[in-house]
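From first to last, the protein sequence lines are chains P and R.
Here numbering that gives the first Met the number 0 is used: the first residue of the first sequence is 0, the next is one more, and so on.
Here numbering that gives the first Met the number 0 is used: the first residue of the second sequence is 0, the next is one more, and so on.
Hints listed in this document are in silico derivations from the structure and should not be mistaken for laboratory results.
It should be emphasised that the depicted structure is a prediction, and the values quoted were computed from it without experimental measurement.
Hints may be right or wrong, so weigh each one.
Stated by the list, open to error - So the derived label-pair ranges between C-beta atoms look like this: (1) R:F12 x P:T104: 25 to 31 Å; (2) R:L123 x P:T104: 36 to 42 Å; (3) P:R88 x R:Y288: 32 to 38 Å; (4) P:I63 x R:F14: 19 to 25 Å.
The beta-carbon is built from N, C-alpha and C at its ideal position, and this holds for glycine as well.
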Amino acid sequence: MLQVRALTKAFRGLTAVRDVSFDVADNEIVALIGPNGAGKTTCFNVISGALKPTAGTVMLSGEIVAGLPPEQIAMKGLVRTFQIVRPMRTMTVLENAMIGAFARTADVSKAMDTAFRSIARVGLQNKADALAGNLTLPDRKMLELARAIAAGPRLLLLDEVMAGLRTAESDRIVDIIRSLKAEGMTVLLIEHIMRVVMALADRVVVLHHGEKLAEGKPSEIGADPKVIESYLGKRTKLA
Amino acid sequence: MKRALSPRPWPAFVFFLVVAGLGPVLDSFWLSLLTLVFFYALMGLSWNLMMSAGLLSLGHALFLGLGAYTTAVLTASGGISPWLAIPAGTVISALAGSMIAWVGGRFSVRGVQFAVLTIAFAELVRVLFDNWNFVGGTGGFFLKAINPDTNRPLLTLRGGALFFYFAFLAITAAAYFLVQRLMASRWGFRWRAISEDEDAARALGVPALRSKVLAVAISAGLAGLGGGLFGLMQGSLFPDSTMRLQLSIEVLIAPIVGGLGSPFGSVMGAFFVVPLMEFANVLGQRTGYYGVNTLIYGIVILAVIAFLPHGIWPRVVQFVRSARPA
Chain P
0 MLQVRALTKA FRGLTAVRDV SFDVADNEIV ALIGPNGAGK TTCFNVISGA
50 LKPTAGTVML SGEIVAGLPP EQIAMKGLVR TFQIVRPMRT MTVLENAMIG
100 AFARTADVSK AMDTAFRSIA RVGLQNKADA LAGNLTLPDR KMLELARAIA
150 AGPRLLLLDE VMAGLRTAES DRIVDIIRSL KAEGMTVLLI EHIMRVVMAL
200 ADRVVVLHHG EKLAEGKPSE IGADPKVIES YLGKRTKLA
Chain R
0 MKRALSPRPW PAFVFFLVVA GLGPVLDSFW LSLLTLVFFY ALMGLSWNLM
50 MSAGLLSLGH ALFLGLGAYT TAVLTASGGI SPWLAIPAGT VISALAGSMI
100 AWVGGRFSVR GVQFAVLTIA FAELVRVLFD NWNFVGGTGG FFLKAINPDT
150 NRPLLTLRGG ALFFYFAFLA ITAAAYFLVQ RLMASRWGFR WRAISEDEDA
200 ARALGVPALR SKVLAVAISA GLAGLGGGLF GLMQGSLFPD STMRLQLSIE
250 VLIAPIVGGL GSPFGSVMGA FFVVPLMEFA NVLGQRTGYY GVNTLIYGIV
300 ILAVIAFLPH GIWPRVVQFV RSARPA
């Protein structure tokens, strides 16, 4: 589904991402982990088109998408969420999701149906008419997810959708992501909560100082001395 | 789970019909006052459309002026029927608008900087017209006088007060329904999304540049349409009146007072602002103090913005809804 090849992103003198390559297979859930400043979000920004790569390339289903504007990448089925949620505050929950749904249809009532299904999926159906600006943080996170789902992605990029949520709420998102996978969705996610990563990911890619440090199954990563040294710490209990 | 996204069209339809019915019974003072109301309502609808996409226009006089000049020059110098000249002016304005939107979008000129860009283009073209002899320069461009006895208004699109009353009412009503429909469509959603957070909107597949170009093209086209008819009504055009910066400011008062983002608000705003301006003028003349009219006008506008920050129309809608049990 996604091939990231020798991706490098430099801001003036600072190289945020250096020579990173990894794949995400169809219907796979891959977690991108690493300490703060490791270049995870920069990676997302380049893959989703918000930034242009300095070098290297990104392919979606064999087609080069690196350097395309974000809206074109979204139309091709790669949709991302933002770590700091960005709801359209003066629009309602349903209207927010409709923006996503309009990526697949021009028909208002069809968009409304798609949008309603996606907000129901994250449990916001009773707040459909609430202004997004009035939502609590957990609800905004749910809306961010619902909006991305409504845009009909094949590959969903989730940037810390669970950060700042209680266990029960993040468990709910884990369930949603699992059900999306069951329907054939492919997911690439940035996540700090190791419990979630271990429960959800088929494969894990570890970034450190902008470079790929390790890649493998969650159990392998949890046992990798380099990863423990640089990121997890010796006392981390997994799963 | 189906809900009305936009107000039902028939109340507005009835409103415009009633206003049309008033035409034959009004005297010439009221006819010309309401014609001006329709003109400002149309400009407000046009300006508000761009605003809904987060694009602040401080150069709407450019679009109005281009429409007016194109129409006037084509009919007077080119001998072309106004039925073709007005659409030509509409298209020229829309093209100018698309170009400004494209330049702004392509080079990520956003927010206040975009507003400055609209001023820059409007002033540039005004100065250009000031020095362009073909369109009369600062001396102005004049339409040939028409003989009221042989004139056929439906052919020349020029006529008396009642003719322009109906003409402006018709295009303003048409513009209202067009804008209303657009705002409830996919494009309306996209414009609102862009105005709130362009990057987040693009991440959801909203083609930001195309959306903006479309919004400005339609907005400029409507202003050009109104300008074309306005030129025919005036019979004379001067860059320093038809394209003046002050005009760009005047057109945005009605939609702000009426309610930003609400098409009917723009119409209501014009019904409030234009008579207020006239009333203040009359009062200013009666008292004999220079500037009293501007003072009254300013104070009332200030009061409306202070006490009804979201505009008159949204407050009325809210009041009606709360008075009626859901």
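Going down the list of hints, with the structure as the test:
no.: 1; hint: R:F12 x P:T104: 25 to 31 Å; in the structure: 28 Å, holds
no.: 2; hint: R:L123 x P:T104: 36 to 42 Å; in the structure: 41 Å, holds
no.: 3; hint: P:R88 x R:Y288: 32 to 38 Å; in the structure: 46 Å, violated
no.: 4; hint: P:I63 x R:F14: 19 to 25 Å; in the structure: 54 Å, violated
Checked against the numbered hints above, the structure breaks hints 3 and 4 and satisfies the rest.
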